[in-house]
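Asks: Using the sequences provided together with the hints, build the complete structure.
Sequences listed follow chains A and B, in order. For the first sequence, the working numbering gives the first residue as 1, with consecutive numbering after it. For the second sequence, the working numbering gives the first residue as 469, with consecutive numbering after it.
Since the hints were derived computationally from the structure, they do not count as laboratory data. Warning: the hint list may mix true and false statements.
[What the hints assert, rightly or not] Which bits of chain B does chain A cover? Going by a derived footprint, with three or more residues having C-beta under 8 Å, they are:
id : region
1  : 497-503
2  : 544-554
3  : 587-600
4  : 633-645
5  : 653-661
6  : 666-672
Beta carbons are placed, not taken as given, at the ideal position from N, Cα and C, and that holds for glycine.
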Amino acid sequence: MKARNLYDKLWESHVVRQEKDGTALLYIDRHLVHEVTSPQAFEGLRLAGRKPWRAGSVLAVADHNVPTTLRAGGIQDPISRLQVDTLDANCVDYGIEEFRMNDLRQGIVHVVGPEQGATLPGMTVVCGDSHTSTHGAFAALAFGIGTSEVEHVLATQCLLARKSRSMRISVDGELSHGVTAKDIALYIIGSIGTAGGTGYAVEFAGSAVQSLSMEGRMTLCNMAIEAGARAGMVGVDEKTIEYIRGRPFSPKGEGWDAACSYWRTLKSDEGAMFDREIAIDAKAVKPQVTWGTSPEMVVSIDGSVPDPEDVQDSVKRQGMIRALDYMGLSPNRKIEEIAIDKVFIGSCTNSRIEDLRAAAQVVKGRHVAKNIKLAMVVPGSGLVKRQAEEEGLDKIFTEAGFEWREPGCSMCLAMNDDRLSAGERCASTSNRNFEGRQGPGGRTHLVSPELAAAAAVAGHFIDPGKLS
Amino acid sequence: MKAFRHLDGLVVPLDRPNVDTDAIIPKQFLKSIRRSGFGPNLFDEWRYLDHGEPGMDNSRRPVNPDFVLNEKRYQGAQILLGRENFGCGSSREHAPWALEDYGIRAIIAPSFADIFYNNCFKNGLLPIVLDEKIVDRLFREAFEEEGYRLLIDLDSQTVKTPSGEKLAFEVDAFRKHCLTEGLDDIGLTLIHRDEIRAFEAARKIEQPWLFNGNDK
Numbered sequence: 001m002k003a004r005n006l007y008d009k010l011w012e013s014h015v016v017r018q019e020k021d022g023t024a025l026l027y028i029d030r031h032l033v034h035e036v037t038s039p040q041a042f043e044g045l046r047l048a049g050r051k052p053w054r055a056g057s058v059l060a061v062a063d064h065n066v067p068t069t070l071r072a073g074g075i076q077d078p079i080s081r082l083q084v085d086t087l088d089a090n091c092v093d094y095g096i097e098e099f100r101m102n103d104l105r106q107g108i109v110h111v112v113g114p115e116q117g118a119t120l121p122g123m124t125v126v127c128g129d130s131h132t133s134t135h136g137a138f139a140a141l142a143f144g145i146g147t148s149e150v151e152h153v154l155a156t157q158c159l160l161a162r163k164s165r166s167m168r169i170s171v172d173g174e175l176s177h178g179v180t181a182k183d184i185a186l187y188i189i190g191s192i193g194t195a196g197g198t199g200y201a202v203e204f205a206g207s208a209v210q211s212l213s214m215e216g217r218m219t220l221c222n223m224a225i226e227a228g229a230r231a232g233m234v235g236v237d238e239k240t241i242e243y244i245r246g247r248p249f250s251p252k253g254e255g256w257d258a259a260c261s262y263w264r265t266l267k268s269d270e271g272a273m274f275d276r277e278i279a280i281d282a283k284a285v286k287p288q289v290t291w292g293t294s295p296e297m298v299v300s301i302d303g304s305v306p307d308p309e310d311v312q313d314s315v316k317r318q319g320m321i322r323a324l325d326y327m328g329l330s331p332n333r334k335i336e337e338i339a340i341d342k343v344f345i346g347s348c349t350n351s352r353i354e355d356l357r358a359a360a361q362v363v364k365g366r367h368v369a370k371n372i373k374l375a376m377v378v379p380g381s382g383l384v385k386r387q388a389e390e391e392g393l394d395k396i397f398t399e400a401g402f403e404w405r406e407p408g409c410s411m412c413l414a415m416n417d418d419r420l421s422a423g424e425r426c427a428s429t430s431n432r433n434f435e436g437r438q439g440p441g442g443r444t445h446l447v448s449p450e451l452a453a454a455a456a457v458a459g460h461f462i463d464p465g466k467l468s
Numbered sequence: 469m470k471a472f473r474h475l476d477g478l479v480v481p482l483d484r485p486n487v488d489t490d491a492i493i494p495k496q497f498l499k500s501i502r503r504s505g506f507g508p509n510l511f512d513e514w515r516y517l518d519h520g521e522p523g524m525d526n527s528r529r530p531v532n533p534d535f536v537l538n539e540k541r542y543q544g545a546q547i548l549l550g551r552e553n554f555g556c557g558s559s560r561e562h563a564p565w566a567l568e569d570y571g572i573r574a575i576i577a578p579s580f581a582d583i584f585y586n587n588c589f590k591n592g593l594l595p596i597v598l599d600e601k602i603v604d605r606l607f608r609e610a611f612e613e614e615g616y617r618l619l620i621d622l623d624s625q626t627v628k629t630p631s632g633e634k635l636a637f638e639v640d641a642f643r644k645h646c647l648t649e650g651l652d653d654i655g656l657t658l659i660h661r662d663e664i665r666a667f668e669a670a671r672k673i674e675q676p677w678l679f680n681g682n683d684k
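Replies: Encoded structure:
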């Protein structure tokens, strides 16, 4: 039999039928829903007199709009409240399981899915959110969809899709001390660009990827979309299986053994072909900091802001000039000399327990610098928050001067009250440094949790190893 | 969905790469539970000088005279000319909703982000990929000639320039069919409901653990 890559396997096992032009009807196993991209889909369903095809495949949670403080009193902003209430009502109407705002299991949809075992290897997972690529860490075919497609999946359990090209990014060798999955992700985006993965489904492989925890693999797959790839994925190994064991939605008893033996087949065969292969030397990856308004505008912590004059391509040069102007930075400025105003540790990229442990490790016994107006930690879910509190991480953060918040998307996209003011500069563990992303006029630098924590302590970017 | 066959439209050139969906429609407008009314807030942060929030009277807000969409010569534009990686970032379908509500019916760029590209077709918008050099030339022409228009014919998959040159573009047959007919693809998919049921039944036997909880 022809050697197949992981994407081939996942794709082929979900094709219900195929049109002559290659458009396939793809069966969807898990549909995650949040409050922002679903109301119009439910409305469409209602107007057409349709019902969800398989309500049990849907899991809903409000995350984008929820406040991270004072939850007991409900949501103050009436427009946000209406959106969350609408999700609650739709879930009741259609018999969909939802973790409501004050449920301990509530959190960011891409943290909640894996945490509950609702994301399993071999599944197709969709959500009206581009960071659905996160779930690919479990050898699932997971990608973000628009609201019309949310409605389509609700109504038909299928999606119309065309097979992407395949790309394997192999990161081999040993990672240097202090280099994280986030740094690998940013380094890759810096190398291939934010459109480098467009049209591809990307498999992350190699010894450095295998050495990552499941949390790290989720961070890596989460950022695949920032390289333009709708889906990122990692083959199954024992870490995958151990992570899933015993979670609420995971198979139990006999079903568990049968599932495990199938899951172990979910990796690329020896000799499988890819449309594009990229090899990265793990040793070359250093801690990364973005300097501009696109995730590809990134350098290492020991570097400097690049000079547009060194760039030939005029479209690219103009983009850099514009980005530097927006970011209030001049060329050749040393990254470690850039002072910051706010620190955000959270988001579907970096809000899992391991991220919080890593940040706490840096912060422990230290204090947030005087020039920092706000340093906040927003755990990815209520369960992550509880775990962190059991380990005493909340104390480490609050004693250092951080705020310890309730779970949600928070300042990653600033749909709730957590946001930057114009001109404020933020060290953020989130995934997008677009203009205005964290608040109009706000300036975002994407970093790992370790670097964000170190920046909070120093008041400027710094290699955590240099902290006194 | 509106059908799309031909379009003879005024072109507005938006000369920036990596235009993300956060820029196309900022997050504060995503709180709406409706599908329409996003047009006045298209490119809100670039288009206005103040900070926009839902519920504001947009006609009274100070506009940014330097933003291309605000220039008099581009009023009524239906074709947006963009640079590489147009529509990157968030999956929000509010982006094509805002473009469509504003009056844009087609976007021409050297490349599009995948999710945005998909979302366009669901809303009667035609995203057209043309070679970077050609797009570069169209930019020059659109800047130089006031009232620059292009003629898009989906049937023959061509864009015709004022000089009469025809530029061919690719589009999937199935998407083209849906767009030219203005078809609701849920209805089309449900024609195959028996096939979906059969597929699902087989899956339940092979991987019963996927059907846990309340949908056994």
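Asks: Can you list which hints this structure breaks, lowest number first?
Replies: Per hint list: zero violations.
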